[in-house]
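Please model the entire structure based on the sequences and the hints provided.
Those protein sequences? They're chains H and X, same order as listed. Take the position in the first sequence, starting the count at 1, then add 11; the result is the number in our numbering. Take the position in the second sequence, starting the count at 1, then add 3; the result is the number in our numbering.
Any given hint might turn out to be false.
Said to hold, decoys possible - Here are a few chain X residues that sit away from chain H, every Cβ distance over 12 Å (derived from the structure):
id	residue
1	T67
2	I120
3	C148
Unchecked claim - Each computed BS3-like pair below joins lysine-lysine, with the alpha-carbon atoms no more than 25 Å apart:
id	chain 1	residue 1	chain 2	residue 2
4	H	K99	X	K14
5	X	K15	H	K109
6	H	K87	X	K107
No lab work stands behind these hints: they were computed from the structure. The model shown is predicted, which means the values in this text are computed figures rather than measured ones. Beta carbons are placed, not taken as given, at the ideal position from N, Cα and C, and that holds for glycine.
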Amino acid sequence: MAQKTIAGITVDVTNEGYLENPAQWNKEIAIEIAGEIGIELTELHFEVLEFLRKEHEAGTQLSIRKVGNSGIVDIKGLYTLFPGGPLKYSAKIAGIPKPVSCV
Amino acid sequence: MNTETQERPLKKVCIICAKGTIEDVYATLVLANGAVMEGIEVKLFFTFFGLDAITKKQMNKIHTGTVGNPAMRMPGGLPFPSILGILPGVEAGVSAMMKSQMAKLDIPSVDEFLEMITAGGGEVYACKLAMDMFKLEAKDLWDGCSGVLTVGDFYAMCGGENTQIIFT
Chain H
12 MAQKTIAGIT VDVTNEGYLE NPAQWNKEIA IEIAGEIGIE LTELHFEVLE
62 FLRKEHEAGT QLSIRKVGNS GIVDIKGLYT LFPGGPLKYS AKIAGIPKPV
112 SCV
Chain X
4 MNTETQERPL KKVCIICAKG TIEDVYATLV LANGAVMEGI EVKLFFTFFG
54 LDAITKKQMN KIHTGTVGNP AMRMPGGLPF PSILGILPGV EAGVSAMMKS
104 QMAKLDIPSV DEFLEMITAG GGEVYACKLA MDMFKLEAKD LWDGCSGVLT
154 VGDFYAMCGG ENTQIIFT
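See below:
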């Protein structure tokens with residue numbers, strides 16, 4: 012298992028940089044991972060991140076469609092928040108595993 | 004000798020759909036949506052029977068063929084005799100079952116799927132020749148369609164480094 016220091020905290024990460032343990036996540040870590048991707052986080056981003064973390068904890072298989080139906084953003088909005096990777100970037104920043112969904 | 008084998012990421016996929024069955028149309032839509040989600044540019048070109056997928060009247064009524072498909076089996080894995088496939092209602096029943104299985108996996112209807120793809124910047128086009136052949140007009144097409152193209156117009160969109168054309 013690889014380790015990486017993000018925002019001053021040493022966390023366990025996969026070789027693609029996803030957090031192994033969502034409990035090690037905090038907002039500073041989110042901001043730093045987002046910065047590496049080139050995304051500046053707003054309140055709306057954090058609402059999406061919280062939704063993803065909650066759904067992941069509940070054992071939901073995540074998809075952009077589920078986020079689109081969350082009432083937080085529609086799918087177009089999700090692409091605007093996380094350009095080039097609506098699900099993989101948002102999951103990475105949210106500190107949850109890379110979703111295995113094709114939708 | 005240059006032995007460098009570094010891979011460069013895919014930048015654009017141009018996907019052609021020429022058939023109107025559930026499996027052909029959904030293969031196209033899943034490939035397209037998956038590409039958009041990875042930040043890959045997508046152009047979709049629907050031609051011949053594939054036009055059903057972007058025709059308002061037909062798009063949410065597509066079926067899977069129950070005749071001449073040896074990979075189709077009964078639920079549970081028993082063989083599905085071809086002769087059953089010709090009975091009235093069987094094609095509709097099988098198609099409804101496939102759609103319900105897909106819905107369980109969070110796979111949307113055709114129109115919603117196309118909206119997801121275009122929400123991510125994917126573009127959807129219809130083939131001019133096939134439109135003429137089936138006597139279709141632009142007003143018959145799904146509203147999110149970006150236009151009607153000749154093959155030449157479509158190829159003109161398929162240029163650029165690391166672009167692939169996929170024929171489902």
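Provide an ascending list of the numbers of those earlier hints which the structure does not satisfy.
Structure breaks hint 2 only.
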